[in-house]
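*Asks:* So the chains spell out like this:
4 protein chains.
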Amino acid sequence: MDFAFDARTEELRASMLDFMEHHVYPAEKVFHDQLEELDDRWAWDSAPVIGELRAEARRRGLWNLFLPGEEGGGLTNVQYATLAEISGRSMHLAPAAMNCAAPDTGNMEVLAVAGSDAQKKKWLEPLLNGEIRSAFAMTEPDVASSDATNVELSIVRDGDSYVLNGRKWWITGAMNPNAKIFVVMGKTDPTADRHRQQSMILVERDTPGFEVVRAMHVLGYDDHEHGGHAELRFTDVRVPAENLLMGEGDGFAIAQMRLGPGRIHHCMRSIGIAERAVELMCERADSRVAFGRKLSEQGVIRDWIAESRVRIEQLRLLCLKAAWLMDTQGNKAAHTEIQMIKIATPAAVEWILDKAIQTHGAGGLSQDFPLANMIAGIRTLRFADGPDEVHKNALARAELRRQADRREGRS
Amino acid sequence: MDFAFDARTEELRASMLDFMEHHVYPAEKVFHDQLEELDDRWAWDSAPVIGELRAEARRRGLWNLFLPGEEGGGLTNVQYATLAEISGRSMHLAPAAMNCAAPDTGNMEVLAVAGSDAQKKKWLEPLLNGEIRSAFAMTEPDVASSDATNVELSIVRDGDSYVLNGRKWWITGAMNPNAKIFVVMGKTDPTADRHRQQSMILVERDTPGFEVVRAMHVLGYDDHEHGGHAELRFTDVRVPAENLLMGEGDGFAIAQMRLGPGRIHHCMRSIGIAERAVELMCERADSRVAFGRKLSEQGVIRDWIAESRVRIEQLRLLCLKAAWLMDTQGNKAAHTEIQMIKIATPAAVEWILDKAIQTHGAGGLSQDFPLANMIAGIRTLRFADGPDEVHKNALARAELRRQADRREGRS
Amino acid sequence: MDFAFDARTEELRASMLDFMEHHVYPAEKVFHDQLEELDDRWAWDSAPVIGELRAEARRRGLWNLFLPGEEGGGLTNVQYATLAEISGRSMHLAPAAMNCAAPDTGNMEVLAVAGSDAQKKKWLEPLLNGEIRSAFAMTEPDVASSDATNVELSIVRDGDSYVLNGRKWWITGAMNPNAKIFVVMGKTDPTADRHRQQSMILVERDTPGFEVVRAMHVLGYDDHEHGGHAELRFTDVRVPAENLLMGEGDGFAIAQMRLGPGRIHHCMRSIGIAERAVELMCERADSRVAFGRKLSEQGVIRDWIAESRVRIEQLRLLCLKAAWLMDTQGNKAAHTEIQMIKIATPAAVEWILDKAIQTHGAGGLSQDFPLANMIAGIRTLRFADGPDEVHKNALARAELRRQADRREGRS
Amino acid sequence: MDFAFDARTEELRASMLDFMEHHVYPAEKVFHDQLEELDDRWAWDSAPVIGELRAEARRRGLWNLFLPGEEGGGLTNVQYATLAEISGRSMHLAPAAMNCAAPDTGNMEVLAVAGSDAQKKKWLEPLLNGEIRSAFAMTEPDVASSDATNVELSIVRDGDSYVLNGRKWWITGAMNPNAKIFVVMGKTDPTADRHRQQSMILVERDTPGFEVVRAMHVLGYDDHEHGGHAELRFTDVRVPAENLLMGEGDGFAIAQMRLGPGRIHHCMRSIGIAERAVELMCERADSRVAFGRKLSEQGVIRDWIAESRVRIEQLRLLCLKAAWLMDTQGNKAAHTEIQMIKIATPAAVEWILDKAIQTHGAGGLSQDFPLANMIAGIRTLRFADGPDEVHKNALARAELRRQADRREGRS
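Residue numbers (our numbering), protein chains in the order written: chain A, 633 to 1043; chain B, 633 to 1043; chain C, 633 to 1043; chain D, 633 to 1043.
Simulated from the structure, these hints should not be mistaken for lab results.
Hints are supplied without guarantee of correctness; some may be wrong.
[Unchecked claim] Derived lysine-lysine pairs resembling DSBU-like cross-links, with alpha carbons at most 30 Å apart:
1) D:LYS964 / A:LYS926
2) D:LYS752 / D:LYS812
3) A:LYS812 / A:LYS753
4) D:LYS812 / D:LYS661
5) C:LYS926 / A:LYS926
6) C:LYS926 / C:LYS661
7) C:LYS964 / B:LYS926
8) B:LYS926 / D:LYS926
9) B:LYS812 / B:LYS753
10) C:LYS754 / C:LYS812
11) C:LYS926 / B:LYS964
12) A:LYS964 / D:LYS926
Based on the provided sequences and hints, a complete structural model is requested.
*Replies:* Structure (structure tokens):
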């Protein structure tokens, strides 16, 4: 058992912390101001500062680190996890600056593993170069999104094409006009086995019949800083057959493959958010005086700070262990731990954000601090890929089975 | 001891419930749509449906009920509290429709009690008629707003005028151009006794030197549906001396007087919000199926519903008792109970809203349901007039004193 | 709406508070010491101080107040509830001193309402005089006790007798040899309608075949101060037919009738426990110094004290409202509120006790303070008459039904 | 980063799990019965089954594993931590069977590190052989035990002796007559520097003036299964000067040294308790039917099981990391993490035990299951070496300092 970072991680961490300090944090206000002046407020990657940060990140080799293998950083999940955490401290800028922002990351992974050479050439390359954006269209308004087998958008073969009909919503990044390519999940064969009905197909933004209907809000935010969350309508959208990812019926398997690393990234970035919140909470507590004493000398505030630290440390270790399991035993072996971090992360981080906000007074809820926006982002995690309650139910079922096996000598 | 409503309350309740059912609820979507089309999005009371609802409310005698005495409904706090709760079910419309929306209510109370005849004629009358709006400017960015003695805006006598300099923020309703009159608290004599330094003065919107700097956001919302929350700057704002409310040094006393009923109204409206959330939660739970069973048949959801009911019932009784104490023994005697409801209300209602949202899936956080907006409103209550922690501290001090008195035979 | 006590209640409260101050509290240590010296440690009512307190209580008219009508105090539920709360402050002594201790109270109620003249003469009279004790035998080890229809003990008619076979456990008071009479619930007709299978019958302690098997512990306590909790075995226990309460099949109805007032008493006494805990917490906090400041000046402790006060006030009002509903609209109309207080009481009181203990340091868990013993008593309330979860489930079902009725215009 | 056990740990784990399965668990009931029949109920190690288990543990090399270096198992803290967890599953038997039970472990550590050769020969050897028991006397009734510098027992040099006067309480194991040797902390020089006033000295049980006054209870339990918790009085207790551990003034340093490993052991054993509770909860949930369905199929119960798993996994990783820090960077570097596990462990384990009890119905609180006794043990952990609040306060202070250093570029 060893809790130390390896040398490669230490080196990247140092480089990244320096990058954050000298480039990312100073750019936060700049980005915000440039966003206000864009012609299309959704096209966040058109802000000049994004280009500058990306150039610097590439120069430092902090580019596409999320992707294993030669095309990316060649990092393990454990190695990358720590970097993902750091990027979460500036959640609107750092992941984007390093070309490590969802949903592009998951889409690039899918293309790298499941894409044909032609698909890779056409879409993976510009994505890896940060030239275009992408979206992942799975969740639908009328069905429980916790179960990927529920998708109802229909994908019907017609000659050399597939024709798509249906609706999607909460498609992150899709409001950005630079999101040129959509990875869309739908049903090709409703009569097949439950996990073989789904396929994934690539749809270009300008395909006739494809419509971005509206932007969904989260609390009061439209999240234009990363392309919003769109409702989409597909009406007889015709796509060349070669846009299919792998074969018909492979959609569910691809979705599963995409899920594990994505959750680890998301949870680690959330820990970065929590760390930033603790920083802000401590800074505020040290600078604000109430009733003759600094907030940082008052018992209730101290209780929050201590609790925050205790919760973060436990959560981070669990996330890292899940990453380690993926590295050493594969996605499937890490299934239970990945479920656990999905449950544990929003619970801990939301609590910490709430206390950080409370320490700031009403300003903490406003645009003057990033905390309110952070809480909106974290709150959605309690629904993403299914509500907590679904994951808890599944986790309990697994535990009950494991215990029954033990009692009956099967393990 | 008697927990029944009296006849007058029953009658008004019935009228109001009918008004809600047939006029207010159907107008919610209309109001939302009309708001989108206003020239000035902050001028919510220019939406035609507001005028229609107000006419209907007046016709039914559901007008200015918040105000005791002849000018208002002649109701006790207990009687009005129950009506305030009902109005909270449609928080953007019902209080406004009945001319019972904060901060106008508090300002009208102040004018009714502390205003000179000339002040009443000029500002109270149009307010009672719903012709203009108002704002109450107390909280400041640089000082802890939990203590009214902290205000720093300076009010200096100069001949027949007072000259104001300073800043205010979180001034609710002030973005609305129809908010014509501001009740402003500041310091006239920083050398006087701690509770005699403050005065209140009336400032008209178009006074030179008065600026609305910007709108504060709450969790992404700008709350333009009730005039937003503004930051204000006062630069040599010159106001006629007769605009002073009562005398110099009376500001703190007026603020205290305004506080008690305001908190009861706010807490009762919050209970109305909680009831609406339970309605939505039950409706959703009965209509949504997951894993082969309705949500309403699943244990965890049922637990939330039961807990919500138990918390609401307890909270309402405490609020009503506080109102009863004000009616029978005066504001001061009700001080502790008013502090309690200030602490208890957001804790209960925020929890219920969170569960109602979770029952709705991601849509619960979006603009498709009123729940996310409600949580933003309730979350601010944990800061309004000082954060929970300050109130808890004061409540504990009072309890410790009471217990010490008891132990030492003083009570 | 009126939150004031009536004159009769005020008078009894004053008398009772005086009785507590001058007789009960000083007797606590005496009782504890006398208990140690009893030949039979379960025979708590043989301690001389009990007799002395009872004489004083009778002298003051504080006797059998729990019982409505002529035989008792002629009090309403609301009136008695307040007195029950006060008695809870000294839970081992005060209810016993006033002949208002469970389970005798419920048994006397049952006998008063459902007993024949002969039964009243033989058992109700000595109970009302405090000459004997009693027990109520319903819960069984093998079935869920949350549902009275689950009881399995068999009661079979045989000539002029009934013959009982089966087991019971958690029969409070039954270890006390002075518990002379047992109200036993069992099944007389397993083929009848679900709520007509059960009957109640009176069994004298010395009946052949009746065995007290063992004492159940709660946490580490055997609760000998009120007769413990026994496991009982009935082996061909033959009882005269006239010992049946009312008719065959009336058992369930009698059990229901007994339940409502019992829960109110229990919850109000629990509030008395909570008040005592707050007293102890404040006293400790004012007298203990840590890190240079009194505990009572430290933020976290103050937070606990404030929270305790807020929770108690809300809980008490809910209990009183449930009592008022019983008084004005009957047990059935109060059903939902009684379920609510069953859920709300242990949650609030256990939390308060936990904080009061924590304020006392390790001594708080020991025999040096009553707090640890109190928590054991309150913890059982989360199971009594069925676990919280069962009650919450039922409460949610009722709420869902009510909401559906509302939506569909049926209410 | 590596989360796998090393080979030595795997081997010992396997051996220990086998020992638990075939020897310890079957002995639990035997031990309980034998305890009942002892002449002195406190002399738990006189129960024959203890001797048998110890013989088997020695045979397997599962003896004194807690002790680093040659005299013990030569294990690192990380290696031993995992074994301590397993022993916690049978908390009354397994640690004792392996001679790894507190407070003997800490005392043996102290003697091994700080004892003179003569002290080792006389007391460490019989302790390592399991021939005698010991106690550690630090906490005192009148001072806050969270700070070791508060001890007031006086140790005064008088010729070749030291003379002790003062009181101690909560001295675990001290009721056992076989606890022959006491490690006593007191003050030798009240005028010295704050951390140099204290010394530790060895006191034999039969020294004149040494009295065991009484047994402290914990939630009704006297914990005679491991020798109880005693109050001690020292009246002119005269001890040879060579009984001093190290030199005068070294007491605080020795106490600190003892603390780190002790907390890790305690927390890991507590995790073992939590795992046992989850086992019992799952077994019960799978076997009990309510309202027509197994408890294990009901949502609320599943929620508890999932939450329990998520909390245990996080907590264990934090404890292991603290152990790893001690191994690799020393006790001092692990200070913050040790404080965290002290805070996190009781919070998590108490919650799990509460839910496990609730799943069992009232029986869960009784002597029929180990759960109630477990909760008493864990509850004390919130006070041991100072209440949670003290540790949280210190942890927050450290975090605030760390954050200030970061802000100001000092780290």
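*Asks:* Compare the structure with each hint and give your call.
*Replies:* Consistency of the hints with the structure:
no.: 1; hint: D:LYS964 / A:LYS926; verdict: holds (29 Å)
no.: 2; hint: D:LYS752 / D:LYS812; verdict: holds (14 Å)
no.: 3; hint: A:LYS812 / A:LYS753; verdict: holds (14 Å)
no.: 4; hint: D:LYS812 / D:LYS661; verdict: holds (27 Å)
no.: 5; hint: C:LYS926 / A:LYS926; verdict: holds (19 Å)
no.: 6; hint: C:LYS926 / C:LYS661; verdict: holds (28 Å)
no.: 7; hint: C:LYS964 / B:LYS926; verdict: holds (29 Å)
no.: 8; hint: B:LYS926 / D:LYS926; verdict: holds (19 Å)
no.: 9; hint: B:LYS812 / B:LYS753; verdict: holds (14 Å)
no.: 10; hint: C:LYS754 / C:LYS812; verdict: holds (11 Å)
no.: 11; hint: C:LYS926 / B:LYS964; verdict: holds (29 Å)
no.: 12; hint: A:LYS964 / D:LYS926; verdict: holds (29 Å)
Checked against the numbered hints listed earlier, the structure breaks none of them; every hint is satisfied.
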